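**Student:** Whenever a hint applies, use it, and build me the whole structure from the sequences.
One letter stands for each residue in the lines below.
There are 2 protein chains.
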Amino acid sequence: MKNGKLLIIGGAEEKYQGVTILRKFVELAQQNNGKIGILTTATQLPEEVGNEYKEVFANLGAADSITIDVDSREKAEDENILEDVQSLSALFITGGDQSRLTKMITGTKLHRLFFQKWHEGMVLSGTSAGASIMGKHMIVSAMTKDEDEILQVEMDQGFGFMHTLLIDQHFSQRARFDRLLGAIAGNPDLMGIGIDENTAILVDGDRFEVLGEHQVLILDGKDSSYVEVTTTEEGSEELTVSNFKLHTLTSGCHFDLKSRKLIRKED
Amino acid sequence: MKNGKLLIIGGAEEKYQGVTILRKFVELAQQNNGKIGILTTATQLPEEVGNEYKEVFANLGAADSITIDVDSREKAEDENILEDVQSLSALFITGGDQSRLTKMITGTKLHRLFFQKWHEGMVLSGTSAGASIMGKHMIVSAMTKDEDEILQVEMDQGFGFMHTLLIDQHFSQRARFDRLLGAIAGNPDLMGIGIDENTAILVDGDRFEVLGEHQVLILDGKDSSYVEVTTTEEGSEELTVSNFKLHTLTSGCHFDLKSRKLIRKED
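Chains as they are written, first to last, in our numbering: chain A, 1 to 267; chain E, 268 to 534.
Heads up, some of the hints might be wrong.
Derived lysine-lysine pairs resembling DSBU-like cross-links, with alpha carbons at most 35 angstroms apart [to be verified]:
id	chain 1	residue 1	chain 2	residue 2
1	E	Lys403	A	Lys261
2	A	Lys222	A	Lys2
3	E	Lys376	A	Lys261
4	A	Lys258	E	Lys528
5	A	Lys222	E	Lys403
6	E	Lys489	A	Lys136
7	A	Lys261	E	Lys525
8	E	Lys525	A	Lys222
9	A	Lys261	E	Lys489
10	A	Lys109	A	Lys136
Hints are computed from structural coordinates only; laboratory data are not their basis. From a predicted model like this one, the values you see are computed outputs, not experimental measurements.
**Tutor:** Written as structure tokens, this is what we have:
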């Protein structure tokens, strides 16, 4: 059986006008039997956020969605919740704080069930924090770089659907290039994927397609000839890298995750 | 005869403590005979800025520096000013607005004299706007990228000492990666050089060395396989590029401008 598709969104996706990305999600969900589940663990406002997505999905023709309200590890082992997840055609992971997802779900029965369902074809989507969690590793915070601070990128474990990708979101809008570069320099096996707001990648096996309004930046250090963290005379920790590859992709672009190459639109 | 060295500074260089970069400038200037000239055209406060650099250079052992106060095209043709410039060992171009340098100096006798003197070995240095002006082309402004704006990079003519480089400054500190990428995508023959504050490159022929506190980012689109500006369904203009090369260099790194490669520190 083929793994379900993953729709990974850079946050702030349109919910009422246009709605390109969420419309795609509903369309994919409706190719399976079952309900849409909305996982609200990342947010501290699960009811509001859950109800908003329910309304949006209903507007798009999917009346039958439920909130998966897991705000503790106990709930992530709860048989009633696991039963709800068993019935899903697609899972949507909301934004919020990605550390909450790791803290409450990683390593639980629910986490294993997500994998099982995904292997059986369940569609997975996440926005913002819900996008970051898709990788095996994720960025949880980083100080900004200025005269008195050291550039620090903190990493945590994601859910691990995408082993080789390190996903960052709100990318251009929050000027996160430096933090992604720092993270990839420290983890050169990973490919960095910076997804802009109202923009998404749709992963199908070893390929993905870009959807939505802005850009997806790809940072590939696999063939880099030099990576080093240097402390300069002034005491600042700085990154030296050489021969990283960079791509910026837009709606309609396809990318091959194995060869790490853009597949031209006309191919 | 060999062209003079160029010391190109990303702005906000230390003037009283450490002073690594300006100390280097004075050291280079003192290898020639003559005074240091401080070109204050870019700033609207020529007296204050000129006097500050005079004091800093004096602290570093160069008592004999003069302000080249050119705030009109007439002055850039003035024989007295040209005579002053004839006597220089080194020229320092201050920060401010790089458009003022183009407007008042490009194409004048003064501009031609700078080239002649440089060919005869005069050292050239510039910080911030004075760094941008070193290239043949330069970025003068760009709107930030958000939901309702189009990414636009405006270009103007620089003085043209460095034909193949497009220099941006205050680079990490002002999160200018997107604007440099946009400019290089539109001018793929140029190599983008983003210099951080209190950081500089010292160009000697076909090579440069990095000095100072932070990072120099190099963006090379020469071997790119795809460059296109796309208007997405949502009406946003976005950039698609593939296979750009990226380097980030720190103090002590050498880079070859012909082969476009890092020369490893131990080489």
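**Student:** Would you check the hint for Lys109/A and Lys136/A, treating anything up to 35 angstroms between C-alpha atoms as holding?
**Tutor:** holds, 17 angstroms
**Student:** Does Lys2/A lie within 35 angstroms of Lys222/A when you go C-alpha to C-alpha?
**Tutor:** Given that 35 angstroms is the threshold and the Cα spacing comes to 28 angstroms, the pair holds.
**Student:** Assess, step by step, whether the Cα of Lys525/E is no farther than 35 angstroms from the Cα of Lys222/A, and give holds or violated.
**Tutor:** Measuring from Cα to Cα gives roughly 24 angstroms; hence the hint holds.
**Student:** Does the alpha-carbon distance linking Lys489/E and Lys136/A stay inside the 35 angstroms limit?
**Tutor:** Status holds; Cα separation ~33 angstroms.
**Student:** Measure nothing beyond the straight line between the CA atoms of Lys376/E and Lys261/A; if it is 35 angstroms or shorter, mark the hint as holding.
**Tutor:** violated, 50 angstroms
**Student:** Starting from Lys222/A, check that the Cα of Lys403/E is at most 35 angstroms away, please.
**Tutor:** holds, 33 angstroms
**Student:** Would you mind confirming whether the straight-line C-alpha gap from Lys261/A to Lys525/E stays at or under 35 angstroms?
**Tutor:** It holds: about 26 angstroms lies between the C-alpha atoms, which stays within 35 angstroms.
**Student:** Under the criterion that the straight-line Cα-Cα distance not exceed 35 angstroms, is the pair Lys258/A, Lys528/E satisfied?
**Tutor:** The hint holds at about 26 angstroms.
**Student:** Assess, step by step, whether the Cα of Lys261/A is no farther than 35 angstroms from the Cα of Lys489/E, and give holds or violated.
**Tutor:** Between Lys261/A and Lys489/E the Cα gap is close to 17 angstroms, so the pair holds against 35 angstroms.
**Student:** Please verify whether Lys403/E and Lys261/A have alpha carbons no more than 35 angstroms apart.
**Tutor:** Measuring from Cα to Cα gives roughly 33 angstroms; hence the hint holds.
Checked against the numbered hints given earlier, this structure breaks only hint 3.
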